[in-house]
Amino acid sequence: MRHKSMAVLLCTLITPLAAQAAKVNLTIPIRVPYQAGLNVPNAVLAECELERKFAKYIASEAKGPYKKVVMNPEVSAATPGHALDIRITQVLAPGGGKWSGPKVVAAAGTLYSDGQVLGTFTAKRHTRKGRHTCGMLHNDAEAMAEDIGDWLGKPTMDARLGDAD
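For the sequence shown, my numbering begins at 38 and goes up steadily by one.
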């Protein structure tokens, strides 16, 4: 009996934090904000709702590694529990859909647990597939959200996700 208790204790101590993520909630922003000073085309700002769609895609993908995803207007290191502070850092979206070339979206994020950094990443995706500029950007954001969802299962420092190499 004593050995069984010791084995359980040891397993608990060596279980990685990522595996324990399924037992806690994750807070993400309702809208993934653009990095301050980022030049985003006016048409993208007015028509694409990229900030909201990206947050929705991340919430969907984070449901695997986390018990529940909570969406707040703002997320930072001061947010209690596990929190993903994320920003869109690049948008390349010339108008004209597929005829004007590839569309690119990049983001950077930090995962916190009660203010302590668990991991950081840079993510990037580009596509030439799609008919309209917004749809192409949404495809990029959805692919990045899948990358981020995988990373949330086993966060690391300075990870480069998707096409961010």
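Among these hints, one or two may not hold up.
Claimed, not checked - Below, in silico cross-link-like pairs of lysine to any residue (SDA-like), each with a Cα-Cα straight-line distance of 20 Å or less:
(1) LYS191 - LEU129
(2) LYS104 - ALA201
(3) LYS93 - VAL107
(4) LYS90 - LEU129
(5) LYS93 - ASN109
(6) LYS90 - LYS166
(7) LYS104 - TYR71
(8) LYS191 - LYS90
(9) LYS60 - LYS90
(10) LYS93 - TYR71
(11) LYS60 - LYS166
(12) LYS90 - LEU75
(13) LYS100 - ASN62
(14) LYS90 - ASN76
(15) LYS105 - ALA201
(16) LYS191 - ALA201
(17) LYS93 - ASP195
(18) LYS105 - GLU86
(19) LYS90 - VAL61
(20) LYS60 - LYS105
(21) LYS93 - VAL81
(22) LYS105 - GLU84
(23) LYS104 - ALA83
(24) LYS60 - SER97
(25) LYS93 - GLY74
(26) LYS60 - THR116
(27) LYS90 - ASP151
(28) LYS60 - THR126
(29) LYS166 - GLU183
(30) LYS191 - LEU155
(31) LYS104 - ASN76
Claimed, not checked - Estimated spans, in silico, between C-beta atoms of each pair:
(32) GLY167 - ILE67: 31 to 39 Å
(33) LYS105 - MET194: 35 to 43 Å
(34) LYS166 - PRO117: 20 to 28 Å
Don't read these hints as lab results, they were simulated from the structure. Positions of the beta carbon are idealized from the N, C-alpha and C atoms, including for glycine.
Checked hints:
1. Between LYS191 and LEU129, the direct Cα distance comes to roughly 29 Å. Violation of the 20 Å bound is thereby established for this hinted pair.
2. For the given pair, LYS104 sits about 28 Å from ALA201 by alpha-carbon distance, which is inconsistent with the 20 Å threshold.
3. Under the criterion of a C-alpha separation no larger than 20 Å, the hint pairing LYS93 with VAL107 is consistent with the structure, at around 11 Å.
4. As the CA atoms of LYS90 and LEU129 are separated by approximately 17 Å, the hinted pair is consistent with the 20 Å bound.
5. Among the hinted pairs, LYS93 with ASN109 is consistent with the structure: their alpha-carbon atoms are about 12 Å apart, no more than 20 Å.
6. Between the alpha carbons of LYS90 and LYS166 the distance comes to roughly 18 Å, so the proposed pair stays at or under 20 Å and holds.
7. For the hint pairing LYS104 with TYR71, the CA-to-CA distance comes to about 27 Å; that exceeds 20 Å, so the pair is violated.
8. A hinted pair counts as satisfied when its Cα atoms are at most 20 Å apart, and LYS191 with LYS90 does not qualify at roughly 24 Å.
9. For the proposed pair LYS60 and LYS90, the alpha carbon gap of about 26 Å is over 20 Å, so the pair is violated.
10. A distance of roughly 15 Å separates the Cα atoms of LYS93 and TYR71; the hinted pair therefore holds under the 20 Å criterion.
11. Between LYS60 and LYS166 the CA atoms are separated by roughly 38 Å; this puts the pair beyond 20 Å, and the hint is violated.
12. Restraint check for LYS90 and LEU75: the C-alpha separation of about 18 Å stays at or below 20 Å, so the hint holds.
13. In summary, the hint linking LYS100 to ASN62 is supported, as the alpha carbons are separated by about 9 Å, within the 20 Å threshold.
14. Taken as a hint, the LYS90 and ASN76 pair is honoured in the structure, with Cα atoms around 19 Å apart against an allowance of 20 Å.
15. Taking the CA atoms of LYS105 and ALA201, the gap is about 28 Å. The hint is violated against a cut of 20 Å.
16. The straight-line distance between the Cα atoms of LYS191 and ALA201 is roughly 18 Å, inside the 20 Å bound, and the hint therefore holds.
17. For a cut-off of 20 Å, the pair hint linking LYS93 to ASP195 is broken: about 24 Å separates their Cα positions.
18. A threshold of 20 Å between alpha carbons decides the hint, and for LYS105 with GLU86 the separation of about 24 Å lies outside it, so the pair is violated.
19. Between the alpha carbons of LYS90 and VAL61 the distance comes to roughly 24 Å, so the proposed pair goes past 20 Å and is violated.
20. Using a Cα cut-off of 20 Å, the hinted pair LYS60 and LYS105 holds, with the two alpha carbons roughly 9 Å apart.
21. For the hint linking LYS93 to VAL81, the alpha-carbon distance of about 17 Å falls within 20 Å, and the restraint holds.
22. In summary, the hint linking LYS105 to GLU84 is not supported, as the alpha carbons are separated by about 30 Å, beyond the 20 Å threshold.
23. Under the criterion of a C-alpha separation no larger than 20 Å, the hint pairing LYS104 with ALA83 is inconsistent with the structure, at around 34 Å.
24. For a cut-off of 20 Å, the pair hint linking LYS60 to SER97 stands: about 17 Å separates their Cα positions.
25. This hinted pair does not check out: LYS93 and GLY74 have alpha carbons roughly 24 Å apart, beyond 20 Å.
26. A threshold of 20 Å between alpha carbons decides the hint, and for LYS60 with THR116 the separation of about 18 Å falls inside it, so the pair holds.
27. At most 20 Å may separate the alpha-carbon atoms for a hinted pair to count; LYS90 and ASP151 exceed this at roughly 26 Å.
28. A threshold of 20 Å between alpha carbons decides the hint, and for LYS60 with THR126 the separation of about 30 Å lies outside it, so the pair is violated.
29. Using a Cα cut-off of 20 Å, the hinted pair LYS166 and GLU183 holds, with the two alpha carbons roughly 18 Å apart.
30. The hinted pair formed by LYS191 and LEU155 meets the criterion: a straight-line CA distance of about 10 Å does not exceed 20 Å.
31. Taken as a hint, the LYS104 and ASN76 pair is broken in the structure, with Cα atoms around 36 Å apart against an allowance of 20 Å.
32. In this structure the supplied range 31 to 39 Å is violated for GLY167 paired with ILE67, their Cβ-Cβ distance being about 25 Å.
33. Range check, LYS105 to MET194: Cβ separation about 25 Å, and the 35 to 43 Å hint is violated.
34. For the pair LYS166 and PRO117, the supplied restraint of 20 to 28 Å is violated, since their beta-carbon distance comes to about 40 Å.
This entry does not satisfy hints 1, 2, 7, 8, 9, 11, 15, 17, 18, 19, 22, 23, 25, 27, 28, 31, 32, 33 and 34, going by the numbered hints stated previously.
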